[in-house]
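Note that the protein sequences, when read in sequence, are chains D and F.
Residues in the first sequence are numbered from 19 upward in steps of one, following this note's numbering.
Residues in the second sequence are numbered from 19 upward in steps of one, following this note's numbering.
Errors might be hidden in some of the hints.
To be verified - In silico BS3-like cross-links for lysine-lysine, where the CA-CA straight-line distance does not exceed 25 Å:
(1) F:188 with F:97
(2) D:53 with F:45
(3) F:188 with D:53
To be verified - These stretches of chain F come out as covered by chain D in the derived footprint (C-beta under 8 Å, 3 or more residues):
(4) 20 to 26
(5) 42 to 55
(6) 58 to 67
Treat the hints as calculated values from the structure; they're not laboratory data.
Computed from a predicted structure; not experimentally measured.
We put the CB at the ideal spot given by N, CA and C, even for glycine.
There are 2 protein chains.
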Amino acid sequence: MKLHLDCIPCFMEQALRAGRMATSDEKQIKQILDKTGEMIKTVSMQSTAPEIGKIIYSIVSNVTGNQDPYKSIKQRHIKETKDIYPELEKIVANSKDKLLTAIRIAIAGNVIDLGVKKSFDIVKDVKSILKQEFAVLDYSIFKSQLEKTESILYIGDNVGESVFDKILIKELRKSVKYAVRSIPIINDVTWEDAIASGLDEVAELIDSGCKSPGVILDQSTPEFLKIFNKSDLVISKGQGNFEGLSDCNRQVFFLLKAKCPIISNHLEVAEGSIILKEHKS
Amino acid sequence: MKLHLDCIPCFMEQALRAGRMATSDEKQIKQILDKTGEMIKTVSMQSTAPEIGKIIYSIVSNVTGNQDPYKSIKQRHIKETKDIYPELEKIVANSKDKLLTAIRIAIAGNVIDLGVKKSFDIVKDVKSILKQEFAVLDYSIFKSQLEKTESILYIGDNVGESVFDKILIKELRKSVKYAVRSIPIINDVTWEDAIASGLDEVAELIDSGCKSPGVILDQSTPEFLKIFNKSDLVISKGQGNFEGLSDCNRQVFFLLKAKCPIISNHLEVAEGSIILKEHKS
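Same shape as in the complex, but just chain D (with noise of 0.2 Å):
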């Protein structure tokens, strides 16, 4: 999905919430709000946001010298969501559709988002969702692929939202690749994330390759690349994933929570739309 002219604003605003935790220092947020500025004449129309998220977060660590953030909010998150697992097993294995209300649960941890404006609340959000109906549910799709596939590839979004994966992914009862991002980048999931998450009892983690707040496949690394083009099913979290790949090609379910007019407007849903989407080859 390529830049649209609203996403510049709201770079200059993303630089200064990661400037703010980064550092208290507000010379040096200034600082990355002047490098930001600069940045914005490089930027062609043609990219896409996590290309500049990137960049705009390396321009955070190079001047506050904070290379994660966001670490002690994704240490809470952590705990705040692992609280609340064994609640949402139950609600799980007590539903009627088990494999559809794994995938509620996997969506309503896509609130936990630090890259963008809105504000949340875990608990109150979760079972807000498990109530709300879809904008797009391409379920029945989504079910008899999962039914002919052997190798998912899952590729992770927000830290604490990696917990609830777990519990889709236990539902999918396939074999699961979980991809995480090569550095933190903001509270996305890393490798140590997804272990601190506990994804690695359920799936086997792989490095995406991407520095990124979203995967690129131009810089994934080969073996990442493999992977995504050989699985027999991909199911990409989050709106920074969902920007990165929604012009591939291959067959990719997307699963997110709208939470920017862009998106919503470019998937044609109303902003807090809840969305399992088939990509098509």
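Take the given structure of chain D and dock chain F to it, following the hints.
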């Protein structure tokens, strides 16, 4: 009032909004964003927002060649406000405290601000502001100052709001000079707009010398400065003039609706509050 870091992403939003108002050519709008982004590093945090606003809107004019992107919308707002003017005059005439009601109407007009993100509905907003409690109301000081006043300087803000200013100016029952911007900037009131609003019937129009969306004393004409310093009473309308004048060395009565979180915080009021505030010298 000095800049806040949050003003910087807001500048990019203003550039985008004004760019879209001036042209539908996306490449030109991108150029406006590029130039605005590049300008950020030259911005001192000791500046005021109107100083930066002036630069942004000159970028918009230079890139698009459109010197008055808000022209047709300003004409529409004058028509809409003139349509409800007779009704508002009746409300003043029938009210217990005519002056206070006229002040409320003048503040109500301050919703017509195209420099901020909020949308508005003139008729609906006026009616609700007529009932809204003031968050700051230095009314007795204002009245006592008005009683001993011979000369008033009234600094205008937005077009449309200007039509409502006429109601207050009539109710002040003193000699009033009404200051306008020197050139079209956002939807701020210029000489031409003041005449279209009928302000020349109740006040002497004067040019502030300012090409910014808010008075900046350093950039005003000597004639304006003399009037500013010598007038018995100065009334400043809106956020832009507040940002420009909140640190000045004379008494000013600020009449505004606090529409942005930075200004609300600065004034220690909730967003959306209406205010009549005495600034002491």
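To test your reading of the hints: which numbers does this structure violate?
Hint 3 is the one this structure does not satisfy, whereas the remaining hints hold.
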